[in-house]
Amino acid sequence: MRIASTQFHATMNTALQSATERAENILQKMASGKRFLLPSENPVANVRLARLEREEATLDQYRDNIATLRNRLAESEAFLTSITADMLSVRDLLTWAANGSNTSEDVAAMAASMQPIMDSLFYTANSRNAEGRYVFSGTATDTPAVSYDPTAPVGARYTFTGNEEAQLVVVSDGVTQAANVPLPEIAALLNQLDAARESLSAPGVNVNDPAVRAAVTAALDGLDAAIASVSARIAGIGGAQNILETLDANHANVSLSNRQAALTIGQLDYADAAVKLNGYMTAVQATQKAYGAVSRLSLFEVI
Amino acid sequence: MSIVHNGLSGVLAAQVALSATSQNVANVMTPGYTRQGVLFASVQPRQSGLITAGAGVSVASLLRFSDGYKLQQMWSAASELGQRSAVQPYLTQLEQVMSIDGSGINSGLDAFFAALNAASVDPVSNPLRQQVITSAQALAQEVNSLGQLLLNQRAAVMQQRAAITEQVSTLAAEIALLNRQIVDARGTGINASGLIDARDRKIDELSDLVALQVVDQADGSRSVSLRDGQPLVIGSVAATMSVQPQPDGSQLLTVSFARETFTLTGTGLGGQLGGLYDLEYEVIRPMMQARTELAQWLTDGVNDVLVAGYTPDGNPGQPLFEFDATGAMGGTLGVRQGIVPQDLAFSSDPDAPGDSGNLLELIALRSQPVNLTLLGPVTLSDAVTQLVARLGMQSQQNQAALETAEIVRNQAEESWKSTSGVNLDEEAINLVQYQQMYQANMKVIAVANELLESTLAVLG
Numbered sequence: 001m002r003i004a005s006t007q008f009h010a011t012m013n014t015a016l017q018s019a020t021e022r023a024e025n026i027l028q029k030m031a032s033g034k035r036f037l038l039p040s041e042n043p044v045a046n047v048r049l050a051r052l053e054r055e056e057a058t059l060d061q062y063r064d065n066i067a068t069l070r071n072r073l074a075e076s077e078a079f080l081t082s083i084t085a086d087m088l089s090v091r092d093l094l095t096w097a098a099n100g101s102n103t104s105e106d107v108a109a110m111a112a113s114m115q116p117i118m119d120s121l122f123y124t125a126n127s128r129n130a131e132g133r134y135v136f137s138g139t140a141t142d143t144p145a146v147s148y149d150p151t152a153p154v155g156a157r158y159t160f161t162g163n164e165e166a167q168l169v170v171v172s173d174g175v176t177q178a179a180n181v182p183l184p185e186i187a188a189l190l191n192q193l194d195a196a197r198e199s200l201s202a203p204g205v206n207v208n209d210p211a212v213r214a215a216v217t218a219a220l221d222g223l224d225a226a227i228a229s230v231s232a233r234i235a236g237i238g239g240a241q242n243i244l245e246t247l248d249a250n251h252a253n254v255s256l257s258n259r260q261a262a263l264t265i266g267q268l269d270y271a272d273a274a275v276k277l278n279g280y281m282t283a284v285q286a287t288q289k290a291y292g293a294v295s296r297l298s299l300f301e302v303i
Numbered sequence: 001m002s003i004v005h006n007g008l009s010g011v012l013a014a015q016v017a018l019s020a021t022s023q024n025v026a027n028v029m030t031p032g033y034t035r036q037g038v039l040f041a042s043v044q045p046r047q048s049g050l051i052t053a054g055a056g057v058s059v060a061s062l063l064r065f066s067d068g069y070k071l072q073q074m075w076s077a078a079s080e081l082g083q084r085s086a087v088q089p090y091l092t093q094l095e096q097v098m099s100i101d102g103s104g105i106n107s108g109l110d111a112f113f114a115a116l117n118a119a120s121v122d123p124v125s126n127p128l129r130q131q132v133i134t135s136a137q138a139l140a141q142e143v144n145s146l147g148q149l150l151l152n153q154r155a156a157v158m159q160q161r162a163a164i165t166e167q168v169s170t171l172a173a174e175i176a177l178l179n180r181q182i183v184d185a186r187g188t189g190i191n192a193s194g195l196i197d198a199r200d201r202k203i204d205e206l207s208d209l210v211a212l213q214v215v216d217q218a219d220g221s222r223s224v225s226l227r228d229g230q231p232l233v234i235g236s237v238a239a240t241m242s243v244q245p246q247p248d249g250s251q252l253l254t255v256s257f258a259r260e261t262f263t264l265t266g267t268g269l270g271g272q273l274g275g276l277y278d279l280e281y282e283v284i285r286p287m288m289q290a291r292t293e294l295a296q297w298l299t300d301g302v303n304d305v306l307v308a309g310y311t312p313d314g315n316p317g318q319p320l321f322e323f324d325a326t327g328a329m330g331g332t333l334g335v336r337q338g339i340v341p342q343d344l345a346f347s348s349d350p351d352a353p354g355d356s357g358n359l360l361e362l363i364a365l366r367s368q369p370v371n372l373t374l375l376g377p378v379t380l381s382d383a384v385t386q387l388v389a390r391l392g393m394q395s396q397q398n399q400a401a402l403e404t405a406e407i408v409r410n411q412a413e414e415s416w417k418s419t420s421g422v423n424l425d426e427e428a429i430n431l432v433q434y435q436q437m438y439q440a441n442m443k444v445i446a447v448a449n450e451l452l453e454s455t456l457a458v459l460g
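If you read the sequences in order, they're chains A and B.
Quick note on the numbering used here: the first sequence kicks off at 1 and runs consecutively.
Quick note on the numbering used here: the second sequence kicks off at 1 and runs consecutively.
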């Protein structure tokens, strides 16, 4: 085929431009470490990367939720442990008071020491978080778990004013975990303790009096039931902590494998890129040399 | 004395040939220049007799090395290239903006749902609720900035279209003028090669803008029309192309020729005009519609759940988003003015402020299907990913077509040059040959002179 003189220049121009474009593309990829700079380079891989990114965002959130939730549960557990300790002290006092050899003065003193422990139980059951929300009121977080009405008759002065609904937190796809621990049993217990304290602090009280004994026994039974119930709640928290830990580990594993997949799909293979860049540079150099040689060839040089 | 005449005709013919060669060498770098050559013919003897060789040489004609078929190929390649190259910058920009890490609607949605999830740990917490409002504002901004980007692109497409129609009208007028000059030159016997080159260059420029049909006429003019037959140039009459903005925000494309006006449909126009039409109606407008639908769905979805729930104070919930569907962008998403954290209804029970039932319903929106005209039902979290994927595929397709169009155009140019382009080595040979021809013919005249002198000497 007949070749026009300007064709050499045009070919050279095209070759240089395309080689420069490719080299620039590789350089950008090397700088960013990305295999694809734009979705159009591989739309399918881009969709996979985007979905992995979405899943990662969700997993991160679940893991954040789990961490916060575990803190909340640990906080509740600390309150419950303190409540248990209070209940055990009251139980010691009552067991001691139930001993028939105590004088009425001794018993009155014991009844007097019950009051601060009951107050402590009342305040701990009405614990609030940093924003002033009641911890043990179920979902009725604006109202205290236990309300005290001094005008009511003894044995009915304390009432549970929360509810037993769970505050559910999403910890995995379709999995929720209750973040709160409602404590309805404390109000009932406080009423029984109040009744026992009332009868024990009556002047000249005789602990062998069947009415007094009945109040003390009822309080002791109530204490045992409440201690069992609160212990069960603490155990429940421990169980939940274990489940959350396992879930968190699962999320961490999935997240790790997602990240690995994202790296496999989206990360630049530097060795491959370096080889390609080298290839383009060699091509440019060869084209330049060929152009230099060809453009020196002219009949006008010799005639 | 016929020897002297023959010699003289040879000298004159060589001069014409040398002139053509010098013109070729001078125009070696002129774009679109078609090389010329001479066609020699021997002249019949003037006297009768079998022993007369002839009356020298004449230049029968000046040749123009041109191939109409190769020109047509070059022009159709230009249209394909124009169609693909006009679109690519828009697609690349859109792709770049929509796929930046850590921004865009996807990240906005991630952050919004992360804030809702975080609130589920402590649904009445004020800072966590505030975070929901803040991330909703950020999400609304992302949705709006995509809308603004698409709107800007559409505006740029429209401006470019208006500029192209003006260029088309100008080029058509220039071609019509050249047609007249060529017809006139031919009539008065002037070499029109330069004018024809200029006209071919204009047609080449025009075919980059819109696909053409070019038909040669007997008088030397060329008729140019659009692919569907609407005339642009007939003889020395040119059409004008223009755009009229329509009330619905689109543009009406018309061609007026003489007293007739043709409305162009947009599809199948080819060239940059065709590319821009495809871009506007296949990429930008569907994307704008999808964005509007997505924003509307998000607004309705979130607000419907919220108003069905209760605030911590036990009041019915208030909507969070507001979507103003008017405006050229296809709607603006925003967070309702004056909404405060405690207005958010995360509880499904008026008496239980700490309840998170309604909040869980909000969180569930993420995996619910959104019905987009463009994609059908897709989950909210996947909608934008699929929109970007569709864009990526469109861009990939266009890049492949662009690459092919570039190769075809380069090949067509090379093919045209192989016929019409100047080769300096060839011209150098011609130069040597015509110089020798000139010198040889001068020698013939010298010999004839010597013969005459010899004859005179014999007589003397």
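Simulated from the structure, these hints should not be mistaken for lab results.
Heads up, the beta-carbon is just placed ideally off N, CA and C, and yes, glycines get one too.
One thing to keep in mind: the hints can contain errors.
Said to hold, decoys possible - Partial selection, computed: residues in chain B whose CB lies under 8 Å from chain A:
no.: 1; residue: 214
no.: 2; residue: 216
no.: 3; residue: 219
no.: 4; residue: 385
no.: 5; residue: 391
no.: 6; residue: 410
no.: 7; residue: 424
no.: 8; residue: 430
Unchecked claim - Restricting the straight-line Cα-Cα distance to at most 25 Å, the calculated cross-link-like pairs of lysine to any residue (SDA-like) are:
no.: 9; chain 1: B; residue 1: 70; chain 2: A; residue 2: 29
no.: 10; chain 1: B; residue 1: 70; chain 2: B; residue 2: 443
no.: 11; chain 1: A; residue 1: 276; chain 2: A; residue 2: 31
no.: 12; chain 1: B; residue 1: 443; chain 2: B; residue 2: 54
no.: 13; chain 1: B; residue 1: 70; chain 2: A; residue 2: 100
no.: 14; chain 1: A; residue 1: 29; chain 2: B; residue 2: 410
no.: 15; chain 1: A; residue 1: 29; chain 2: A; residue 2: 253
no.: 16; chain 1: A; residue 1: 29; chain 2: B; residue 2: 104
no.: 17; chain 1: A; residue 1: 289; chain 2: B; residue 2: 104
no.: 18; chain 1: A; residue 1: 289; chain 2: B; residue 2: 107
no.: 19; chain 1: A; residue 1: 289; chain 2: B; residue 2: 443
no.: 20; chain 1: A; residue 1: 289; chain 2: B; residue 2: 410
no.: 21; chain 1: A; residue 1: 34; chain 2: B; residue 2: 429
no.: 22; chain 1: A; residue 1: 34; chain 2: B; residue 2: 107
no.: 23; chain 1: B; residue 1: 443; chain 2: B; residue 2: 19
no.: 24; chain 1: B; residue 1: 70; chain 2: A; residue 2: 13
no.: 25; chain 1: A; residue 1: 276; chain 2: B; residue 2: 418
What the hints assert, rightly or not - Output of the computed footprint for chain A on chain B, the stretches with three or more beta carbons under 8 Å from beta carbons of chain A:
no.: 26; segment: 68 to 82
no.: 27; segment: 108 to 119
no.: 28; segment: 123 to 132
no.: 29; segment: 242 to 250
no.: 30; segment: 411 to 418
Evaluated hints:
1. About 23 Å separates the beta-carbon of residue 214 (chain B) from the nearest beta-carbon of chain A, more than 8 Å, and the hint is not met.
2. The criterion of a C-beta within 8 Å of any C-beta in chain A is not met by residue 216 (chain B), whose closest approach is roughly 24 Å, and the hint is violated.
3. Residue-level restraint check for residue 219 (chain B) is violated (minimum Cβ-Cβ distance to chain A is 30 Å; threshold 8 Å).
4. At about 4 Å, the closest approach between the beta carbon of residue 385 (chain B) and any beta carbon in chain A falls short of 8 Å, and the interface hint on this residue holds.
5. With 8 Å as the threshold, the beta carbon of residue 391 (chain B) comes within range of chain A, its nearest partner Cβ sitting at about 7 Å, so the hint holds.
6. A hinted interface residue such as residue 410 (chain B) counts as satisfied when its beta carbon comes closer than 8 Å to some beta carbon of chain A; here the least separation is about 6 Å, so the hint holds.
7. Satisfaction of the interface hint for residue 424 (chain B) is found here, the shortest Cβ-Cβ separation to chain A being roughly 5 Å, below the 8 Å cut-off.
8. A least Cβ separation of about 10 Å between residue 430 (chain B) and chain A goes past the 8 Å threshold, and the interface hint is therefore violated.
9. A distance of roughly 40 Å separates the Cα atoms of residue 70 (chain B) and residue 29 (chain A); the hinted pair therefore is violated under the 25 Å criterion.
10. A distance of roughly 43 Å separates the Cα atoms of residue 70 (chain B) and residue 443 (chain B); the hinted pair therefore is violated under the 25 Å criterion.
11. A threshold of 25 Å between alpha carbons decides the hint, and for residue 276 (chain A) with residue 31 (chain A) the separation of about 15 Å falls inside it, so the pair holds.
12. Restraint check: the Cα-Cα separation between residue 443 (chain B) and residue 54 (chain B) comes to about 18 Å, which is no more than 25 Å; the hinted pair holds.
13. A hinted pair counts as satisfied when its Cα atoms are at most 25 Å apart, and residue 70 (chain B) with residue 100 (chain A) does not qualify at roughly 124 Å.
14. The hinted pair formed by residue 29 (chain A) and residue 410 (chain B) fails the criterion: a straight-line CA distance of about 29 Å is larger than 25 Å.
15. For the suggested pair residue 29 (chain A) and residue 253 (chain A), the alpha carbons sit about 29 Å apart, so the restraint of at most 25 Å is broken.
16. The straight-line distance between the Cα atoms of residue 29 (chain A) and residue 104 (chain B) is roughly 21 Å, inside the 25 Å bound, and the hint therefore holds.
17. At roughly 47 Å between alpha-carbon atoms, residue 289 (chain A) and residue 104 (chain B) are farther apart than 25 Å, so this suggested pair is violated.
18. A hinted pair counts as satisfied when its Cα atoms are at most 25 Å apart, and residue 289 (chain A) with residue 107 (chain B) does not qualify at roughly 50 Å.
19. Taking the CA atoms of residue 289 (chain A) and residue 443 (chain B), the gap is near 46 Å; set against the 25 Å cutoff, the hint is violated.
20. Between residue 289 (chain A) and residue 410 (chain B) the alpha-carbon distance is near 22 Å, which keeps this suggested pair within the 25 Å criterion.
21. Pair hint residue 34 (chain A) plus residue 429 (chain B) does not hold up; C-alpha atoms about 55 Å apart against a cutoff of 25 Å.
22. About 19 Å separates the Cα atoms of residue 34 (chain A) and residue 107 (chain B), which keeps this hinted pair within 25 Å; it holds.
23. Our distance criterion of 25 Å between C-alpha atoms is met by residue 443 (chain B) and residue 19 (chain B), whose separation comes to about 21 Å.
24. Only pairs whose Cα atoms come within 25 Å are accepted, and residue 70 (chain B) paired with residue 13 (chain A) is accepted, the gap being roughly 22 Å.
25. At roughly 34 Å between alpha-carbon atoms, residue 276 (chain A) and residue 418 (chain B) are farther apart than 25 Å, so this suggested pair is violated.
26. By the rule of at least three residues with a Cβ nearer than 8 Å to a Cβ of chain A, the coverage given for the segment 68 to 82 of chain B is violated, with 0 such residues.
27. With a threshold of 8 Å between beta carbons, the proposed coverage of the segment 108 to 119 of chain B by chain A holds, since 5 of its residues qualify and at least three are required.
28. Evaluation of the coverage hint for the segment 123 to 132 of chain B: fulfilled, as 4 residues show C-beta separations to chain A shorter than 8 Å, against a requirement of three.
29. By the rule of at least three residues with a Cβ nearer than 8 Å to a Cβ of chain A, the coverage given for the segment 242 to 250 of chain B is violated, with 0 such residues.
30. With a threshold of 8 Å between beta carbons, the proposed coverage of the segment 411 to 418 of chain B by chain A holds, since 4 of its residues qualify and at least three are required.
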